[in-house]
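Visitor: Sequence:
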Amino acid sequence: MNNPADTTPPRRAIDIVNASLKRRYARERRFRWLGATAVTLGMVFVVLLFADIILKGYTAFQQTYIQLPIELAAATIDPDGARDPATLARADYMKLIREALREQFPEVKDRRDRRLLNSMISVGAPDLLRERVMADPALIGTTQELWILADDDIDMLVKGYIDRNAPASDRRVGDQMIAWVDRLEAEGRVAKRFNTIFFTHGTSREPELAGIAGALMGSFYTLVLTFLLSFPIGVGAALYLEEFAPKNRWTDLIEVNVNNLAAVPSIVFGLLGLAVFIGFFGVPRSTPLVAALVMTLMTLPTIIIASRVALKSVPPSIREAALGVGASPLQTQFHHVLPLALPGILTGSIIGMARALGETAPLLMIGMIAFIVDIPKGFNDAATVLPVQIFLWADSPERGFVERTSAAILVLLAFLFVMNLAAVLLRRRFERRW
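Quick note on numbering: the sequence shown equals residues 1 to 434 in full-length UniProt numbering.
Think of the hints as simulated: they come from the structure by calculation, not from any bench.
A couple of the hints might just be wrong.
Quick list of in silico lysine to any residue cross-link-like pairs, SDA-like style, CA-CA up to 25 Å [what the hints assert, rightly or not]:
{"no.": "1", "residue 1": "K312", "residue 2": "I197"}
{"no.": "2", "residue 1": "K56", "residue 2": "I178"}
{"no.": "3", "residue 1": "K95", "residue 2": "I197"}
Let the hints inform the model, and build the full structure from the sequences given.
Guide: Right, here's the structure in full:
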């Protein structure tokens with residue numbers, strides 16, 4: 001019963017609605033602010049990450065060289081004058097380089113100082129000079145101004161990674177060597193040139209000789225074989241489950257398992273590959289073949305799920321029209337439904353391949369962590385892949401490998417960006433809206 005003394009007028013419905021609207025609008029503004037803050041923080045962290053990788057890695061695309069007047073003496077390279085490739089390959093090219101270097105510093109007489117002077121040149125410089133002479137034997141007997149690969153410590157000094165003002169005990173390069181480098185720089189005999197070795201050579205224990213060619217070819221062979229295995233199997237499985245399989249407990253169990261496999265940690269597939277493909281079937285360890293088999297198992301769920309979604313997006317009227325004009329169910333799927341679903345299928349497949357390109361854990365289990373110097377020539381050659389190469393270099397304390405690790409990450413990110421961009425462009429180019 002109402003209190004006769006209470007004179008407060010009852011609240012109108014419009015006042016109650018306005019008060020609730022103010023609270024709702026305030027919550028909406030707070031939610032938008034939190035969302036914008038989260039996106040901004042995410043972008044800031046991504047920019048900082050990329051900036052850190054770029055700043056550490058862009059210098060690896062240049063390498064320090066020292067220009068020396070090298071006398072390609074026939075008495076040292078080809079004493080018989082027969083130009084026999086075997087004789088040219090056995091010649092002592094390091095002797096020619098050391099003689100040219102000592103001519104630049106004739107005042108260096110002490111054996112210890114000469115050894116220190118010779119250490120300015122990379123241990124791989126003779127091999128590069130040998131390749132050049134064998135490619136053009138006409139150089140024998142002439143004196144050439146050649147750019148010789150410098151040691152990684154000299155490279156780090158020229159790039160500014162070694163503090164000249166630090167105590168000598170804290171530097172890998174002593175004061176005497178710094179003076180020699182400054183003298184060569186003043187004469188214009190020290191320069192940073194594009195690092196072709198990084199893209200044409202395999203890995204090495206010497207930073208200045210280390211490249212990603214072996215890892216790139218290993219990744220290429222692995223991805224090609226993975227696509228050839230996973231695409232037809234994945235699309236075929238999706239087509240059967242979506243269009244032909246009866247709806248019963250078995251198909252429901254298969255669908256649940258496919259969805260669960262998409263979330264299984266990748267290292268589990270590595271353990272499976274180690275136990276089944278290597279242990280049971282005897283597939284060679286550390287080869288693109290066994291890596292592709294493991295990557296196929298890992299990418300199949302992604303391709304199956306993406307393909308089923310693409311098949312579902314095709315309107316039922318397409319199937320009904322094809323069946324109405326006399327096409328068989330198989331013709332309906334292969335001639336009408338599958339071509340229309342292909343953009344979505346390709347998008348999912350490329351995304352699955354991009355995931356396989358960046359995986360490391362399952363490949364460590366099947367021996368892809370081995371130190372492989374040679375560039376693989378086929379699917380059964382010992383190889384490594386780019387993510388594993390990055391993992392190996394990241395474990396090295398030398399500053400030369402730090403920049404190469406970041407540079408290899410940049411190359412890997414570039415490939416991932418191109419693959420994801422291709423997926424987006426293919427979908428936009430061929431997708432039909434219904």
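Visitor: Hint by hint, note whether the structure agrees.
Guide: Taking the hints in turn, this is what the structure says about them:
no.	hint	verdict
1	K312 - I197	violated, 49 Å
2	K56 - I178	holds, 23 Å
3	K95 - I197	holds, 23 Å
Hint compliance for this structure: hint 1 alone is broken.
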